[in-house]
Amino acid sequence: TDQAFSNLREQPKPDERLVLVNIGRLSRMQIAQELSIISKYKPRVIGIDSYFNCEGGLRDTVNCPQLLDTLANLMLSDAIKQAGNVVMVSKLLPKTATANDPKKLESDDYYDSLELSDPIFSDYADHGFANLPTDANYQEDIKECRSINPKKMVSGNPEYAFSVKMAMKYDSVKTMKFLSRNKDEELINFRGNAETVDVRLKTLQGQDLEQSNFRLLCYDIDINDVMTENFDSTLFKDKIVIMGYLGDYFGDPAWEDKYFTPLNKSVAGRANPDMFGPVIHANTVIMILKGDYIDEFEEWHKYLIAFILCTLTVALFKVIDDKLPIWYDGLSVVLQIVQIILISIVVVYAFVWFSFKADLTIAMAVIALVGPCYDFLKPVQAILEERLTKRRQQALSK
Numbered sequence: 160t161d162q163a164f165s166n167l168r169e170q171p172k173p174d175e176r177l178v179l180v181n182i183g184r185l186s187r188m189q190i191a192q193e194l195s196i197i198s199k200y201k202p203r204v205i206g207i208d209s210y211f212n213c214e215g216g217l218r219d220t221v222n223c224p225q226l227l228d229t230l231a232n233l234m235l236s237d238a239i240k241q242a243g244n245v246v247m248v249s250k251l252l253p254k255t256a257t258a259n260d261p262k263k264l265e266s267d268d269y270y271d272s273l274e275l276s277d278p279i280f281s282d283y284a285d286h287g288f289a290n291l292p293t294d295a296n297y298q299e300d301i302k303e304c305r306s307i308n309p310k311k312m313v314s315g316n317p318e319y320a321f322s323v324k325m326a327m328k329y330d331s332v333k334t335m336k337f338l339s340r341n342k343d344e345e346l347i348n349f350r351g352n353a354e355t356v357d358v359r360l361k362t363l364q365g366q367d368l369e370q371s372n373f374r375l376l377c378y379d380i381d382i383n384d385v386m387t388e389n390f391d392s393t394l395f396k397d398k399i400v401i402m403g404y405l406g407d408y409f410g411d412p413a414w415e416d417k418y419f420t421p422l423n424k425s426v427a428g429r430a431n432p433d434m435f436g437p438v439i440h441a442n443t444v445i446m447i448l449k450g451d452y453i454d455e456f457e458e459w460h461k462y463l464i465a466f467i468l469c470t471l472t473v474a475l476f477k478v479i480d481d482k483l484p485i486w487y488d489g490l491s492v493v494l495q496i497v498q499i500i501l502i503s504i505v506v507v508y509a510f511v512w513f514s515f516k517a518d519l520t521i522a523m524a525v526i527a528l529v530g531p532c533y534d535f536l537k538p539v540q541a542i543l544e545e546r547l548t549k550r551r552q553q554a555l556s557k
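Residues 160 to 557 in our numbering are what the sequence shown lists, from first letter to last.
Keep in mind that a hint or two might mislead.
The calculated lysine-lysine pairs, modelled on DSSO-like cross-linking and capped at a C-alpha distance of 30 angstroms, are [unchecked claim]:
| # | residue 1 | residue 2 |
| --- | --- | --- |
| 1 | 396 | 240 |
| 2 | 333 | 310 |
| 3 | 254 | 201 |
| 4 | 310 | 172 |
| 5 | 302 | 201 |
| 6 | 199 | 172 |
| 7 | 424 | 461 |
| 8 | 310 | 240 |
Label-pair ranges, simulated between beta-carbon atoms [said to hold, decoys possible]:
| # | residue 1 | residue 2 | range |
| --- | --- | --- | --- |
| 9 | 396 | 339 | 55 to 63 angstroms |
| 10 | 240 | 505 | 29 to 37 angstroms |
| 11 | 172 | 340 | 21 to 29 angstroms |
| 12 | 340 | 407 | 34 to 42 angstroms |
Note that these hints are calculated values from the structure, not bench results. From the three backbone atoms N, C-alpha and C, an ideal C-beta is built for every residue, glycine too.
Use the sequences and the hints to build the structure in full.
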């Protein structure tokens, strides 16, 4: 499916309902200014993919110098309050007793609390958790993202993902349709990446730095263009705006808050992550609004298909072995190779044409093993038949 994601699909058109805004490493005062500018153009929803709190709960000016800038905090708080339609990120925190137990990850009692921005900010905004399912233990680790958890239970109460909360504010009907699928984990139907072309390092200019072939998911705008209001007055009106880190500037080859996704140009041997966190949230929002979900087999479907294909293959082997015993060895191998190639083609194009992830790994493994197993069981069958024949003859002679 990665091949289908990154190379075989048609280039989708940019979704005009959503705009990505870079906040780089702006201070809280500058983010307040950026938010105020965006807000006056009347967007429907503003999502802020950044935390405004003291890391580790250490609320002193040594460990959290942001507390010293009272004016900046008040400005940001007021900007959020005046906007009135802001969704901020939160973080799901697991129970201490289950934090290191992966078996508990999908249980309803795995999480018991949320990390929010300080009340001066979060009291005036809605929130959704930004946790993404990855194998990374720390934010700085190399991360791969393919899916989201739409909803999680926290101390018995439902909490929704950041992207789901933004989509809910924009179109509650389509979002409820998405949630009615009632899946703990949804594969993201990635449509594109952010176009970042402002390359400032001379050594990198003229090079193709993009890590994916689908570069234009939606409209995006860098810091300076927002601050100078260098954009069309209709850019933000009635749109979903996601403010987040897209590099220190467009074209910055930073790895911070960046993930490997199926859109990566390099399907094998990936060297560089290709997508910033806010762009992943944007892809999820667009998937929800378009209703363009990725469906997949239930677990029992995979085993049933594997059983059916195995049975048919064994039957075909038996026919070849009985009718064309001289050609059996060659034909059986060719048959297995053809089946595996056909299944691979079906998997890829089921995804390209129908957004269906046909995971037939078990079926392909079974088909690959049918030949050796059949060859192993043939002499066993012959021995059993010989013994049963002798016993029958002995019984008849008595």
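Quick rundown of the hints versus the structure:
1. Taking the CA atoms of residue 396 and residue 240, the gap is near 18 angstroms; set against the 30 angstroms cutoff, the hint holds.
2. For the hint linking residue 333 to residue 310, the alpha-carbon distance of about 15 angstroms falls within 30 angstroms, and the restraint holds.
3. With a C-alpha separation of about 40 angstroms, the suggested pairing of residue 254 with residue 201 is violated against the 30 angstroms cut-off.
4. Taken as a hint, the residue 310 and residue 172 pair is honoured in the structure, with Cα atoms around 29 angstroms apart against an allowance of 30 angstroms.
5. For the proposed pair residue 302 and residue 201, the alpha carbon gap of about 35 angstroms is over 30 angstroms, so the pair is violated.
6. Between the alpha carbons of residue 199 and residue 172 the distance comes to roughly 27 angstroms, so the proposed pair stays at or under 30 angstroms and holds.
7. Using a Cα cut-off of 30 angstroms, the hinted pair residue 424 and residue 461 holds, with the two alpha carbons roughly 29 angstroms apart.
8. For the hint pairing residue 310 with residue 240, the CA-to-CA distance comes to about 26 angstroms; that is within 30 angstroms, so the pair holds.
9. Taking the beta carbon of each, residue 396 and residue 339 are about 30 angstroms apart, not inside 55 to 63 angstroms as hinted.
10. The hinted window of 29 to 37 angstroms between residue 240 and residue 505 is violated, with their beta carbons roughly 54 angstroms apart.
11. A beta carbon spacing of about 25 angstroms between residue 172 and residue 340 agrees with the range 21 to 29 angstroms that was offered as a hint.
12. Between residue 340 and residue 407 the C-beta distance comes to about 38 angstroms, which sits within the given range of 34 to 42 angstroms.
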